[in-house]
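Enquirer: Sequence:
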Amino acid sequence: MKTKLKELLKDKELYIFSVITILFFGAFCILQYAPDTYSVFTNDLKHTVLHFLSCGRFVTGAAAYFAMGMLKLGQEGTYLLSYSFAVICMIISLYRLNKLIKKEVKNNVISIFITTLIIINPFSLELYMYIEKGIMVLAVLLCVLAVEQIQKFFQGNKKSLLWALFFMLIANFCYQGVVGLFVALSLIYIIQYAKNIKEFIQNNIVVALTYGIPALINFLAVRFIFTNARVKGNMVLAESLSKMFAGTQRMIIDTYDLLPHYLFLTVIAILMGIIIYQSIRQKKPLAILGSIYLIVVTLFATVAPQILQDTSAIWFVARSSYPMAAIIGILLWYLGREFEIKAITKNIILIGMFVFLMIQFTNFMRYTIDNYIGNYMDKTVTLEINQMIQEYEEKTGNKIEKIAVYSDSAMQYVYPGLQASGDMNIKAYSADWCIIKILKLYTGRDFEKIEIDTNKKEKFAQKNWEHFSKEQVILEDNIMHLCVF
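Take the position in the sequence shown, starting the count at 1, then add 5; the result is the number in this note's numbering.
Hints may be right or wrong, so weigh each one.
Unchecked claim - Pairwise CB distance ranges, derived in the manner of DEER restraints:
{"id": "1", "residue 1": "200", "residue 2": "297", "range": "19 to 29 Å"}
{"id": "2", "residue 1": "281", "residue 2": "457", "range": "29 to 39 Å"}
{"id": "3", "residue 1": "274", "residue 2": "305", "range": "14 to 24 Å"}
{"id": "4", "residue 1": "437", "residue 2": "482", "range": "17 to 27 Å"}
{"id": "5", "residue 1": "466", "residue 2": "24", "range": "46 to 56 Å"}
{"id": "6", "residue 1": "262", "residue 2": "109", "range": "41 to 51 Å"}
{"id": "7", "residue 1": "35", "residue 2": "160", "range": "20 to 30 Å"}
{"id": "8", "residue 1": "401", "residue 2": "258", "range": "52 to 62 Å"}
{"id": "9", "residue 1": "218", "residue 2": "32", "range": "14 to 24 Å"}
{"id": "10", "residue 1": "482", "residue 2": "27", "range": "33 to 43 Å"}
{"id": "11", "residue 1": "160", "residue 2": "112", "range": "21 to 31 Å"}
{"id": "12", "residue 1": "315", "residue 2": "476", "range": "15 to 25 Å"}
Hints in this document: simulated from the structure, not taken from any laboratory.
Since we're looking at a predicted model, the values are computed, not measured.
Cβ atoms here follow ideal geometry from the backbone N, Cα and C, with glycine treated the same way.
With the hints as constraints, model all of the structure from the sequences given.
Expert: Shown next as structure tokens:
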């Protein structure tokens with residue numbers, strides 16, 4: 006153990022991946038909020054833990070209890086623990102996956118680029134937007150560990166399959182949105198260790214069961230032990246398929262606005278063109294089918310879990326589409342192991358990967374900075390509201406204890422000028438359930454939400470504010486009438 010630790014600490018690739026991780030996610034070392042975070046920090050611990058358990062995220066629930074219950078950490082401490090764990094898990098994920106890839110892609114620089122494109126893919130950003138970021142990235146690491154075991158199983162170590170099943174079960178208990186990564190990475194080994202059609206089918210079945218059995222256990226636990234609405238509601242097949250088709254388009258073409266539109270699709274098309282060209286030149290026609298297989302199955306593994314949800318709960322966002330965003334790196338891995346590539350082609354590919362990562366990095370920084378700006382604006386609005394309440398209470402002697410929430414004629418989900426994607430960077434005041442939470446966090450007041458006043462609703466509906474105005478707050482007796490804009 007001591008010898009292995011010394012070898013690990015001397016391995017320069019560990020430090021390379023540490024630098025890469027800090028470059029992409031280092032800004033998150035400062036406490037930041039998503040709407041859900043306000044709930045975690047203001048709900049009682051029991052409610053928070055039960056919420057995570059009801060979502061099938063048992064490890065997350067246990068982690069919340071450990072950090073806030075046993076260690077008694079406050080907001081900063083809980084956040085820093087989660088962030089630090091996320092960074093560590095990501096570095097290990099990169100390091101371990103690179104060990105697999107560089108066995109077949111002999112160029113170390115290309116191997117590092119491929120590994121980075123797979124793990125720190127365009128959709129990985131949202132994993133860092135939530136307080137449970139440490140456990141979400143742990144799920145990524147567990148998928149990588151499971152892939153290591155699947156390779157050993159295909160090499161003849163039958164006991165490794167049990168370890169793969171165990172890692173995937175824990176990954177599902179962490180965060181279900183990323184577990185499709187296991188399937189996407191395992192596809193390379195399904196092809197590699199299949200000498201004929203029969204073995205190819207058998208390998209697919211092994212991977213499908215390793216992915217499916219833990220996922221089914223998690224699904225059944227949520228459906229029958231807890232009462233999560235996402236798997237308890239109505240499933241309208243035609244409507245679900247329609248939403249899935251629209252969501253898939255947003256994922257592949259728009260990439261949830263995390264990349265320039267069509268860039269992701271264009272890169273995939275270019276890689277497919279290179280694979281087709283190399284297949285013809287090196288007389289490997291089956292490699293074309295292999296690349297199509299990688300894309301189709303990865304897409305299926307990403308999209309299919311949505312069909313298990315209530316139709317109204319189907320929601321395509323970056324964090325739950327993480328496996329599909331890894332396909333660019335996976336296709337490059339496949340290209341590197343299947344073909345002998347000339348030096349000039351390797352250099353072109355290296356330049357292409359670098360440019361893609363720079364575009365991704367630029368967009369990551371924009372969204373990250375805008376997240377902190379949005380947090381600041383939410384806090385500023387909240388403190389201004391609190392000052393209005395304090396002045397009113399001192400003047401009248403009334404105590405504001407209840408709140409009624411309204412909206413103007415065109416409520417915005419994000420502050421003007423800020424980048425938002427799905428749930429990322431939306432205003433805390435854009436969700437009714439979050440308003441009470443952020444007010445409690447910054448004011449210490451626990452408001453009771455009540456029904457709205459019809460007359461005031463009509464009055465507010467005639468307005469269209471771009472920024473916060475004191476006109477949006479009406480204080481009467483013990484009630485605050487608040488209009489969000």
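Enquirer: Compare the structure with the hints numbered earlier in the document and write down the numbers of the violated ones, lowest to highest.
Expert: The structure conflicts with hints 2, 6, 7, 9, 10, 12, although it agrees with all the remaining ones.
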